[in-house]
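Colleague: Each position in the sequence shown, counted from 1, maps to that position plus 1 in the numbering used here.
Hint data in this document are derived by calculation from the structure and do not stem from the laboratory. Note that the coordinates shown come from a computational prediction; the quantities given were computed from them, not determined experimentally. C-beta: ideal position from N, C-alpha, C; glycine also. Don't take every hint at face value.
To be verified - Straight-line distance between alpha carbons at most 30 Å, and here's what the computed BS3-like set of lysine-lysine pairs gives: (1) K151 with K46; (2) K115 with K78; (3) K71 with K174; (4) K78 with K46; (5) K126 with K46.
Stated by the list, open to error - Derived DEER-like restraints, expressed as beta-carbon distance ranges: (6) E308 with S214: 39 to 49 Å; (7) E263 with M91: 41 to 51 Å; (8) R86 with H203: 19 to 29 Å; (9) T127 with G166: 16 to 26 Å; (10) M215 with K272: 33 to 43 Å; (11) R211 with N85: 16 to 26 Å; (12) H276 with L190: 25 to 35 Å; (13) R211 with E297: 50 to 60 Å.
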Amino acid sequence: MMRLLQSRATLSVTTATATATKSNLITVKDVGSSKAFIRWRHHGKVIAIRREDQSVWERRAPFGPSHVQKLVKQGVKVIVQPSNRRAYPMQVYLHSGATVQEDISEASVIFGVKQVPVDSLIPGKTYCFFSHTIKAQESNMPLLDAVLEKNIRLIDYERIVDERGYRQVAFGKYAGVAGMVNILHGVGLRLLALGHHTPFMHIGPAHNYRNSSMARQAIRDCGYEISLGMMPKSIGPLTVVFTGSGNVSQGAQEVFQELPIEYVPPEMLRKVAEHGSQNKLYGCEVSRTDHLERREGGGFDAREYDEFPERYISTFSSKIAPYASVIINGIYWAVGSPKLISIPDAKIYCDPQILLGCPPVKVVQRCLIACWLSVTSQLIRADPLSS
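Whole structure, please, built from the sequences with the hints as guidance.
Modeller: Put into structure tokens, the structure is as follows:
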């Protein structure tokens, strides 16, 4: 026992001396013997990729293995927190030069995709992720409070902009592609819940397909059945409205174009919704000029709107939404901008309607790809029949 105590005392002194003289010595573990296990600190920059735990469906990563390989070659140590849910296998990260371990406290900068649980935040670190707090989203205020309390520097991807204020980290076309596949799958489930079996039932969720080509083929097969007149007559014509014209909207419309479709301008939406063909779908891309008006009268001025959005109101809920079966919102909402659809509007559109040639609920699906739902269209709580 005396020898063990002496050994531990010697180990303690050795640790203190080594820590004082060598900045790269960070831990000494005594496992009940005089032998010490020493771990060395990396001399250069150290970053970490944390495990995503905000949703069981979250498989994304802030860096892929190819990015990690480039960083390692530049002398950066990359720690990857283990996750079997991540789209990239752990072995690929290892082969790229990453260090795979649970403890990421050595990193000075920790990267993620979605929000970090409050209990997982490490004090004094720099974090990079989508926090969903910059619009004062109520559900994430505890996260922001914890960031302040723990003296954390938060770099929100949403606020990385250039000198003109344009975002540098944003969704690409594939967000629209994957989102649209899920939307069409959801349309099938929604119509089934309303009592209609349709060709959309044969489209699966995006994660069921190995690649986008397989998903597109399933959508083309669905479109073939629609063109043959296999949609129930009780549904009536289906109209799909896209807001925005950026990457997300472009990707979504690429997938939409695998179906038999016809594009119409907003002013024709009502006509095709009431008297259109059921052998195809109708698409409508809505821009800002189609639904934004000055509160005090007058047309739309893009420069004025960008500087003073509070001067404008949206007529989307009265001119466009009543004639849309599917609304795909692909725009970025900024604080102070008009909302497309309010909760009172949504309740009106989601009340059962017994109309000849229409589903019991006219608005079949409201879908969001590019922005925070609660502040853009405020629909999620308004429809108890949502799938």
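Colleague: Please work out if K126 and K46 have their alpha carbons no farther apart than 30 Å.
Modeller: holds, 14 Å
Colleague: So does M215 sit 33 to 43 Å from K272, Cβ to Cβ?
Modeller: Hint holds: Cβ distance 36 Å, inside 33 to 43 Å.
Colleague: Please check whether R211 and N85 have a Cβ separation lying inside 16 to 26 Å.
Modeller: holds, 18 Å
Colleague: Regarding the pair K151 and K46, is the alpha-carbon distance no greater than 30 Å?
Modeller: holds, 22 Å
Colleague: Can you let me know if the beta-carbon spacing of E263 and M91 is within 41 to 51 Å?
Modeller: holds, 48 Å
Colleague: Is the Cα-Cα distance between K71 and K174 30 Å or less?
Modeller: Given pair K71, K174 holds - Cα atoms ~25 Å apart, limit 30 Å.
Colleague: Evaluate the given range 50 to 60 Å for the C-beta pair formed by R211 and E297.
Modeller: Since R211 and E297 have Cβ atoms about 54 Å apart, the given range 50 to 60 Å holds.
Colleague: Tell me if the beta carbons of E308 and S214 are separated by a distance inside 39 to 49 Å.
Modeller: With a Cβ separation near 44 Å, E308 and S214 satisfy 39 to 49 Å, so the hint holds.
Colleague: Taking only the CA atoms, is the gap from K78 to K46 under or equal to 30 Å?
Modeller: holds, 6 Å
Colleague: Quick check: does the Cβ-Cβ distance between H276 and L190 fall within 25 to 35 Å?
Modeller: holds, 27 Å
Colleague: Given a hinted range of 16 to 26 Å, is it respected by the beta-carbon distance of T127 and G166?
Modeller: holds, 23 Å
Colleague: Can you confirm whether the C-alpha distance between K115 and K78 stays at or below 30 Å?
Modeller: holds, 22 Å
Checked against the numbered hints given earlier, this structure breaks none of them.
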